[in-house]
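Trainee: The listed protein sequences correspond, in order, to chains A and B. The numbering of the first sequence is the working numbering, which starts it at 15 and goes up by one. The numbering of the second sequence is the working numbering, which starts it at 15 and goes up by one.
What the hints contain is simulated information worked out from the structure, not anything from laboratory work. Any given hint could turn out to be false.
Claimed, not checked - Think about it this way: if two alpha-carbon atoms lie no more than 30 Å apart in a straight line, the pair counts; the simulated DSS-like pairs of lysine-lysine are:
hint, chain 1, residue 1, chain 2, residue 2
1, B, Lys147, A, Lys101
2, A, Lys129, B, Lys192
3, B, Lys101, A, Lys101
4, B, Lys20, A, Lys129
As the list claims (entries may be wrong) - Here are a few chain B residues that face chain A, going by a calculated C-beta distance under 8 Å:
hint, residue
5, Leu25
6, Asn59
7, Glu97
8, Cys110
9, Lys129
10, Ala271
11, Thr299
All residues carry an ideal CB built from backbone N, CA and C; glycine is no exception.
There are 2 protein chains.
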Amino acid sequence: MRITIKDVAKLANVSISTVSRVMNNPIAVQEEKRARVQAAINELNFEPSSFARGLINNRSHTIGVLIPDILNPYYSGVIRGMEDAAKSLNYVLIICNTDRDEQRTLSYLQNFRNKHIDGILYTSDFMLPSYYKEIDQYHMPVVLVSTESKQYPLSSIMIDDEKGAYDAVAYLIELGHKNIAFLGFTLPDPITGEKRYRGFKQALRASNLYEQCKSYTAFANNWFEEAYRSVAQLMQKHPQITAIFACSDEFAMAAIAYLHDNNLQVPKNVSVIGFDNVRMSWMVTPRLTTIAQPMYDIGYKAVLLLHNQLTNEFNSPSQIILPHELVIRDSTRAITTP
Amino acid sequence: MRITIKDVAKLANVSISTVSRVMNNPIAVQEEKRARVQAAINELNFEPSSFARGLINNRSHTIGVLIPDILNPYYSGVIRGMEDAAKSLNYVLIICNTDRDEQRTLSYLQNFRNKHIDGILYTSDFMLPSYYKEIDQYHMPVVLVSTESKQYPLSSIMIDDEKGAYDAVAYLIELGHKNIAFLGFTLPDPITGEKRYRGFKQALRASNLYEQCKSYTAFANNWFEEAYRSVAQLMQKHPQITAIFACSDEFAMAAIAYLHDNNLQVPKNVSVIGFDNVRMSWMVTPRLTTIAQPMYDIGYKAVLLLHNQLTNEFNSPSQIILPHELVIRDSTRAITTP
Chain A
15 MRITIKDVAK
25 LANVSISTVS
35 RVMNNPIAVQ
45 EEKRARVQAA
55 INELNFEPSS
65 FARGLINNRS
75 HTIGVLIPDI
85 LNPYYSGVIR
95 GMEDAAKSLN
105 YVLIICNTDR
115 DEQRTLSYLQ
125 NFRNKHIDGI
135 LYTSDFMLPS
145 YYKEIDQYHM
155 PVVLVSTESK
165 QYPLSSIMID
175 DEKGAYDAVA
185 YLIELGHKNI
195 AFLGFTLPDP
205 ITGEKRYRGF
215 KQALRASNLY
225 EQCKSYTAFA
235 NNWFEEAYRS
245 VAQLMQKHPQ
255 ITAIFACSDE
265 FAMAAIAYLH
275 DNNLQVPKNV
285 SVIGFDNVRM
295 SWMVTPRLTT
305 IAQPMYDIGY
315 KAVLLLHNQL
325 TNEFNSPSQI
335 ILPHELVIRD
345 STRAITTP
Chain B
15 MRITIKDVAK
25 LANVSISTVS
35 RVMNNPIAVQ
45 EEKRARVQAA
55 INELNFEPSS
65 FARGLINNRS
75 HTIGVLIPDI
85 LNPYYSGVIR
95 GMEDAAKSLN
105 YVLIICNTDR
115 DEQRTLSYLQ
125 NFRNKHIDGI
135 LYTSDFMLPS
145 YYKEIDQYHM
155 PVVLVSTESK
165 QYPLSSIMID
175 DEKGAYDAVA
185 YLIELGHKNI
195 AFLGFTLPDP
205 ITGEKRYRGF
215 KQALRASNLY
225 EQCKSYTAFA
235 NNWFEEAYRS
245 VAQLMQKHPQ
255 ITAIFACSDE
265 FAMAAIAYLH
275 DNNLQVPKNV
285 SVIGFDNVRM
295 SWMVTPRLTT
305 IAQPMYDIGY
315 KAVLLLHNQL
325 TNEFNSPSQI
335 ILPHELVIRD
345 STRAITTP
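Required output: the full structure, derived from the provided sequences and hints.
Mentor: Spelled out as structure tokens, the structure:
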């Protein structure tokens, strides 16, 4: 017997029209109801294909996803959420690594057009004019994920990076640290890099530590190896540093590796706080204190947002900010020698 | 001016027919020549689409990839290789997380058929009769990646897991360890789990340590948390253990976390060796000694193999074994109290 939308509505204890909205305009449905409907869909193994097809004609049910690099665990976290949402709405994802290379990215965009995909999830990194020029011709919805654009009218979903960085540094100050360093992405980085740097500076200013710490900065290009070298220079120049705010968990691990290689213990001698809360952050020794991004939710809701744009013609772009959270583990502690 | 195959041939200093073979039957081209042609294609930003289309008609240029979970960094390593190969041959990848769930996997397979994909990369995990029954109807090529099937005539690409495990344990024995434990995937696991367990036992037998160590075994289901609990039981029961062979780097990290939480230092008190060499294995403290799988190559060559099957009608299935390598870092050392 074929499972119908009625069965789903009954099991979830909602009306049929609510189930229909979850399928077609989920962002308009209360979180709690949406979760119930989703649970019912999963339990009954309800296949929304024919139903969705009736409502959304002329679609390939394929979403193109651009990410810098799948090897970065931040993106695999986001993609996991995207994929679960895509599955529940009967889309599949085409996933492409851009390596932040303009030609490679443009070539993927053109390929997306040739493949008649329904929409694009442009994940992280700056929306270059050349990309927008290309996308603008396609007349297909685009959602910016973990990034945003001041210049172009595009929907976006991300956290408040500035506030996240502020919270990280404020926590180090609360622990009594007065010599706090910043390990960030090489500037100019118009998306997260500059915002997190601003958050760092603001938290220091709020506690009158800015003048003292303003030269404790080191930058690197997204990779562990480079971050390790930057931390080495930083610590050699400013051995009085007792706490490091790293702009990613990978950078935090690079800081810990350097400190360990030089007989400095974390957190005994130096506290380190990361950013993202990737899966490995609770597997390492010491377990990382970090600012957690809701990666799964960012990915899941990005698909809902894109789907919403696909199914509602008169949508205006929306900017969604999801909450972050300070997760305290073992890589930070109160300073012992004030 | 449009870049042509002639420009690629000239830059790579090969014949046009070699370039053509790289595009259509790359596995038949010498590694060194293939790399040169690939470099020329990249440098010129040569777009093989129309060329490839002429030779391969009636294709969607889309490959369906089934993996258990993108959050596992082993799979993101493999996918990175797949994606680079796909890009060079003008395919895109549809990536689906099966969660090792039969219904979810079957639903993806049916979706692949509806989407008219060209072929399937079935990555890790056992090929169930229900999957094969489904796939067999589609008449499309399938390559098993990091897995194999004794039962069905399918191509596969993987390492020699039994030999990899043997090499790991033989190295621990060489370091003087006599109380060596195994931390593996819950049995029965007809793919890597049982092979790595066999490799463990054989290395012990070869040094007459099997009787002494045979009860030093712990098992877990692919996740850090469960591995942590298993190691706890193992160490409480057999505190004489001085070395642990973990069947994945994540399991190795679980072992290190447990040991650290219980004031046992790695490698001073206990040596730990992992398996896979995922990106994080050289970021953690201590850096992991591990058996490195060529994840990128496995993914890259899986796409070449699939492409080969797509473009050559009279192919018989082939089983490719790629080499593994012992990578010695900081989590193992010679025993001090023999």
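Trainee: Of the hints given before, which are not true for this structure?
Mentor: 2 and 5
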